[in-house]
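Got chain W; can you put chain F on it based on the hints?
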Amino acid sequence: MYYTRIFFILGLLSLAACSQHKGQEYAEDSTYAENFTHDPETEINLYQQAIMHLRDNDLDKAEIILLAFTEHRPDLAGPWANLGLIKIKTNDLDEAKKLLNVALEKNPNMAQAFNLLGFIDNKRGNLQQAKQHYTQAIQHKSDYAVAHYNLALLYDIYFQETKKAIEHYQRYLELITHSDQETIDWLNELKSSLQRKSS
Amino acid sequence: MTAAQNDLSMALKTPLYILLLLLLLAACSTPQPPRTLGDIDITGNHQHRSITSSAPRSNEEIRQAYARYLSQSGKSDRSRATAINRLAELEFELGSKIAHENDLLNSSNDEKIDIAYINRLNKMIELITYSLAEYPNVQGNDKLLYNLANAYEQKGDSKKSVAALDEIVREYPDSQYYIESQFRVAEDYYSSRDYISAEDAYTNVIFSKSGNKFIEKSLLKRGWARFKLNYYQEAADDFLEAVTYHSFTDPDELKGIEKDIFDEYFRAIGLSFSYMGSLNEVYQYIDNRSELKYIYQIYKSISDLYFKQNRYSDSAETLIYFTKKYPDSRHIPESHEKIIDIWRQAGFLTKYYASIDSFYSAYNPKSRYWATKNVDLKKQREIDHSLKEYTLLMAVHFHRNYQTMKKKLAFSNAEKWYQRYLTHYSQHSQKDSIHFLYAELLSEHNSDEAALYHYEIAAYDAGIILDKDAAYSTIFITSRLYLSEQQSDQKSKWLNKHIKYATLYGQLYPHDEQSPSIVTHAAELAFNAQMYSEAIELTGLISSDADSLISKNARIIRGQSYMALKQYARAENIYNSLLDSASATYITQYQIADKLAFSIYRQGVAEKNSGDILHAIQHFRRIPQVVPDSSIAPAGMDEAATLSINNEMWEDAIKIIKEYQVRYPHHDLNQDMSKKLSLAYLRSGQDIAAAQEYEKISKSGKDLEIKIAALWKAAELYESNNETLLAINAYLEFADTYPTHYSQHMEAMYRIAALYDTINTPDSANLWRHRILSVDKDIGKERKTERMNFIASSSALVLANNEYKAYKQLKLILPLKESLKRKKMSLQKAVKLFGQASVYGVAETTTEATHSIAEIYNAFSQALLYSERPLGLNDDELEQYEILLEDQAFPFEEKAIEFFEVNLSYIKDGFYDSWIQKSRHQLMILFPAKYQRQAKTDTYINVLH
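These protein sequences, in sequence, are chains W and F.
Under the working numbering, the first residue of the first sequence is numbered 1, with each subsequent residue one higher.
Under the working numbering, the first residue of the second sequence is numbered 1, with each subsequent residue one higher.
Be a bit skeptical, because a hint or two may be false.
[To be verified] Between beta-carbon pairs, the in silico distance windows are: (1) W:T162 <-> F:R267: 15 to 21 Å; (2) F:D461 <-> W:H178: 44 to 50 Å; (3) W:T162 <-> F:E868: 38 to 44 Å; (4) F:E782 <-> W:S198: 33 to 39 Å; (5) W:H178 <-> F:I883: 49 to 55 Å; (6) W:H178 <-> F:A371: 54 to 60 Å; (7) W:H178 <-> F:P815: 55 to 61 Å; (8) F:Q403 <-> W:H178: 34 to 40 Å; (9) F:S158 <-> W:H178: 43 to 49 Å; (10) W:I184 <-> F:D512: 33 to 39 Å.
[As the list claims (entries may be wrong)] Okay, derived cross-link-like pairs now, DSBU-like style, lysine-lysine, Cα gap no bigger than 30 Å in a straight line: (11) F:K388 <-> W:K197; (12) F:K930 <-> W:K141; (13) W:K123 <-> F:K918; (14) W:K163 <-> F:K918; (15) F:K406 <-> F:K388; (16) F:K143 <-> W:K197; (17) F:K829 <-> F:K566; (18) F:K930 <-> W:K197; (19) F:K213 <-> F:K143; (20) W:K131 <-> F:K918; (21) F:K936 <-> W:K106; (22) F:K930 <-> W:K131; (23) W:K197 <-> F:K500; (24) W:K61 <-> F:K655; (25) F:K777 <-> F:K805; (26) F:K908 <-> W:K197; (27) F:K824 <-> F:K777; (28) F:K209 <-> F:K566; (29) W:K97 <-> F:K908; (30) F:K468 <-> W:K191; (31) F:K936 <-> W:K97; (32) F:K918 <-> W:K97; (33) F:K431 <-> W:K163; (34) F:K497 <-> F:K777; (35) W:K141 <-> W:K197; (36) F:K832 <-> F:K918; (37) W:K163 <-> F:K930; (38) W:K191 <-> F:K431; (39) W:K97 <-> F:K930; (40) F:K431 <-> W:K123.
Treat the hints as calculated values from the structure; they're not laboratory data.
Computed from a prediction, not measured in an experiment: that's the story for all the values here.
All C-beta atoms in this analysis are idealised placements derived from N, C-alpha and C, irrespective of residue type, glycine included.
Pulled out of the complex, with its shape left as it was, chain W reads as follows (with noise of 0.2 Å):
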């Protein structure tokens, strides 16, 4: 009961956040920081304050409130995730790698920890393990529209597999809600491509 409450109140909460303005005031971060509650909606709060942040590019202020969630809440799988995004962001990969882990130690099936695995293997050339790591992403979470589009650019670029390619990015723009027309200009040029060859 009390996860399932956690999750309605996380999914209003993203709702609210996606209707406000970049420049709206928000508490500050030290001070919920500081005073870390158990208290569920507290929490859900505060995470999604974290989110904004993320959101907004203010990753200092982000680090603060998931480095209190890491603390008093360690059993959760997210703030390790959003952590490792952070690292990923200022290019700190060794620790990415370690926080990602660590979330998938609190959660093995968490897609998006994949993503982003496989996301520094592809940056460093592990090209197998990235492409395990992508598809693990996608096993875990079938409408992971990002997962397939860097599977789509694996296969394309480095595994030089058109089909499996052309069958991920498809996936890719089913999934999307935004248009990607540099990504459906691509998707049209890799079919006539492999029309070519098979004619």
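The following block gives chain F in isolation, referenced to the frame of chain W:
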């Protein structure tokens, strides 16, 4: 007085009374009422503005002041009418302000504000109506009527609005509001479909003061009114007049609104003509109007309209008429292209292709058109570009026709168009694959010799393959020509070409699935024609991953070629490897064994004839060790024993004969061998041989394994103690003495090359690297170890890099033809060597070699682009020259991309090293649309657990 008049009177009076009452009260508190109208209106109409320095007043204050003035002035006051008029204007302004604020605020109080606004309009109407009734002859009543019309229009009462405007038209022909009023009256007629009245009214506008802003619009609207009345010719007159009045600039340069207006006018013109009657009537009308501008646009608009109405023939005929009537128009080529496009879109294919044929006749580079017309460069390029596209299109069309129907006419037409392309656009032929397509046509027509000519151009540039498919076809065609040719000199010509092209293909595409068959077929033809060296070179191109049956056939050809050239040791290597492989199907195991035994026997005979008895004996003794069941083996042992005895090599003779007796106890020669053995025992008389140092043992020892081990140990000791020259000598002896101990033999040569490098003698080192590669080709893949492959591959890589260095130093300078030839030759050499380095399947060297091949092609493409330009070119010539260079460079850049991508394909097999990374980096530059895209991450992860 009627009831309505009473109501009006009351309506006028009630607010006036209230107003008067309010004004009286206001007057009590105002010490000095305004004396003139100018004093009242400080912020309003500037014509009434006072020159005093009074502070500006609000409109509401001014309105109240006018109201006070009206209450105080007598009916005879000359300014009273002006005051009423101004007060009416103020009411209108205040009303408009309220409406405007209402729009801005999107107020929830809409209804109240609307009422207030309507009240203001009503007040204004009341005031003006009152004034007009009271002062019917006062100057300025035209303005009051104009304002009254506007107020009614604001209220939505268009009938009364038009009535007011109509009164202006009737009563005030000199008014400044006359033209606008007349135009608005005309618009009202038009919208109420009274086109006759509308036409009159628009005509009045058109014939009133020249230069008024409503003339052009009235011409257009009168045109439409006449069109509605079925006066199509008059309508066209008006539309054309409107175009003339507007005075457009060059139609080709028009943009934005101007272009939209232009298009609208010509759509109207086209529509009028389409209703006018037959095409001849239209032509007659236009032809009679010689003063008309934009003749082409008129015909085009008619054609466009017919096209939209699916009257395709009329659409095309209109433009055809234009081209005939106005042959000197600068729009003739454009209209020809349009005609072609009409036939195409209409699906009238016969006319479509006929029109293209006419286009070609009219505008091909050798046509009279260019001699007689002074066409600007831009236009010339446009026509040239279109013609090139049409020529290609026609060639492909007839080619397809021929493929489907196999009709002679289709073939000759296709041939004609390909030739036309090559005559005029040969510089683009490579990019458009014309030679290849033309060759395909000729090949399908069984014109093999002619087809070969074009395949060769498509496939090669100074011996470098540019087009893989075309290269494949040259091989296929030369084989066909060779096999069908009867004359020996011609036959030889086709075979030489066939061998050359098969060799190039095998070198560049060692892993292509067609390569082994191509190369083996060529080798077989070469062998049958006694071209043994060529057969050997060809079979050396077969990669280790080739189909085993094809590979085996190739190796048999190779072995037989070596035998024919008396290179028996090499032949032995070949047959040895064949015996090691799985059971043969092409030739029996027994036959191979006999060939192997014979090759060793022939080596023994050769050594004996040259006086090298020791090596001769070794060879004869090897026969039963290698091929024990061969019928030649006993004879070989007999030869060995006889040689040993004749040269007093008693221990050897004893061993040989004993071995013989064990192996062949019942052979016919047994008795004779026993005699020889007795002789050997009697004559030997030697004690135990002793040799303490390894090198001495290796030279004098009898047991081959000990000799090998001793010599190797000696060489390694010299090497580890930095006795380089002694080490080189020991390895050299090893390499010369034990060529069939493949693994150690290769290692010895590898170390020799490395040691020569340490004493700065690169020429010697590279000589040995060449030898490594040569020996490697003779060794069957069954005998090769990973180490041997690495040695061969890395040796090839060193040689390739040497060539690459030389290649990079060659600059493309003037005279370009010579420097280009040198650079291409160097390119070919380097690519061949890198290709050789990559065939061994050694990951480290394969990726470097593949990357380097790509770099070579890329560098060549760049070198072409940045090559030294010929002197004395003008701007146009220089531009053409650079386009030509780009066309030449393009295939090499494509080739570079192809090989960089081949390197990336190794990732699939689990390889990823710095060379693949470098290839990827280059692809990001050469092919950014694909390779610069990055993986994505989430902006945030909205999951807590």
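Against the structure, the hints come out as follows:
{"no.": "1", "hint": "W:T162 <-> F:R267: 15 to 21 Å", "verdict": "47 Å, violated"}
{"no.": "2", "hint": "F:D461 <-> W:H178: 44 to 50 Å", "verdict": "48 Å, holds"}
{"no.": "3", "hint": "W:T162 <-> F:E868: 38 to 44 Å", "verdict": "41 Å, holds"}
{"no.": "4", "hint": "F:E782 <-> W:S198: 33 to 39 Å", "verdict": "37 Å, holds"}
{"no.": "5", "hint": "W:H178 <-> F:I883: 49 to 55 Å", "verdict": "41 Å, violated"}
{"no.": "6", "hint": "W:H178 <-> F:A371: 54 to 60 Å", "verdict": "59 Å, holds"}
{"no.": "7", "hint": "W:H178 <-> F:P815: 55 to 61 Å", "verdict": "58 Å, holds"}
{"no.": "8", "hint": "F:Q403 <-> W:H178: 34 to 40 Å", "verdict": "47 Å, violated"}
{"no.": "9", "hint": "F:S158 <-> W:H178: 43 to 49 Å", "verdict": "48 Å, holds"}
{"no.": "10", "hint": "W:I184 <-> F:D512: 33 to 39 Å", "verdict": "35 Å, holds"}
{"no.": "11", "hint": "F:K388 <-> W:K197", "verdict": "26 Å, holds"}
{"no.": "12", "hint": "F:K930 <-> W:K141", "verdict": "27 Å, holds"}
{"no.": "13", "hint": "W:K123 <-> F:K918", "verdict": "15 Å, holds"}
{"no.": "14", "hint": "W:K163 <-> F:K918", "verdict": "25 Å, holds"}
{"no.": "15", "hint": "F:K406 <-> F:K388", "verdict": "26 Å, holds"}
{"no.": "16", "hint": "F:K143 <-> W:K197", "verdict": "79 Å, violated"}
{"no.": "17", "hint": "F:K829 <-> F:K566", "verdict": "29 Å, holds"}
{"no.": "18", "hint": "F:K930 <-> W:K197", "verdict": "18 Å, holds"}
{"no.": "19", "hint": "F:K213 <-> F:K143", "verdict": "19 Å, holds"}
{"no.": "20", "hint": "W:K131 <-> F:K918", "verdict": "21 Å, holds"}
{"no.": "21", "hint": "F:K936 <-> W:K106", "verdict": "24 Å, holds"}
{"no.": "22", "hint": "F:K930 <-> W:K131", "verdict": "19 Å, holds"}
{"no.": "23", "hint": "W:K197 <-> F:K500", "verdict": "28 Å, holds"}
{"no.": "24", "hint": "W:K61 <-> F:K655", "verdict": "92 Å, violated"}
{"no.": "25", "hint": "F:K777 <-> F:K805", "verdict": "26 Å, holds"}
{"no.": "26", "hint": "F:K908 <-> W:K197", "verdict": "20 Å, holds"}
{"no.": "27", "hint": "F:K824 <-> F:K777", "verdict": "26 Å, holds"}
{"no.": "28", "hint": "F:K209 <-> F:K566", "verdict": "113 Å, violated"}
{"no.": "29", "hint": "W:K97 <-> F:K908", "verdict": "24 Å, holds"}
{"no.": "30", "hint": "F:K468 <-> W:K191", "verdict": "23 Å, holds"}
{"no.": "31", "hint": "F:K936 <-> W:K97", "verdict": "16 Å, holds"}
{"no.": "32", "hint": "F:K918 <-> W:K97", "verdict": "26 Å, holds"}
{"no.": "33", "hint": "F:K431 <-> W:K163", "verdict": "28 Å, holds"}
{"no.": "34", "hint": "F:K497 <-> F:K777", "verdict": "24 Å, holds"}
{"no.": "35", "hint": "W:K141 <-> W:K197", "verdict": "33 Å, violated"}
{"no.": "36", "hint": "F:K832 <-> F:K918", "verdict": "21 Å, holds"}
{"no.": "37", "hint": "W:K163 <-> F:K930", "verdict": "16 Å, holds"}
{"no.": "38", "hint": "W:K191 <-> F:K431", "verdict": "23 Å, holds"}
{"no.": "39", "hint": "W:K97 <-> F:K930", "verdict": "28 Å, holds"}
{"no.": "40", "hint": "F:K431 <-> W:K123", "verdict": "37 Å, violated"}
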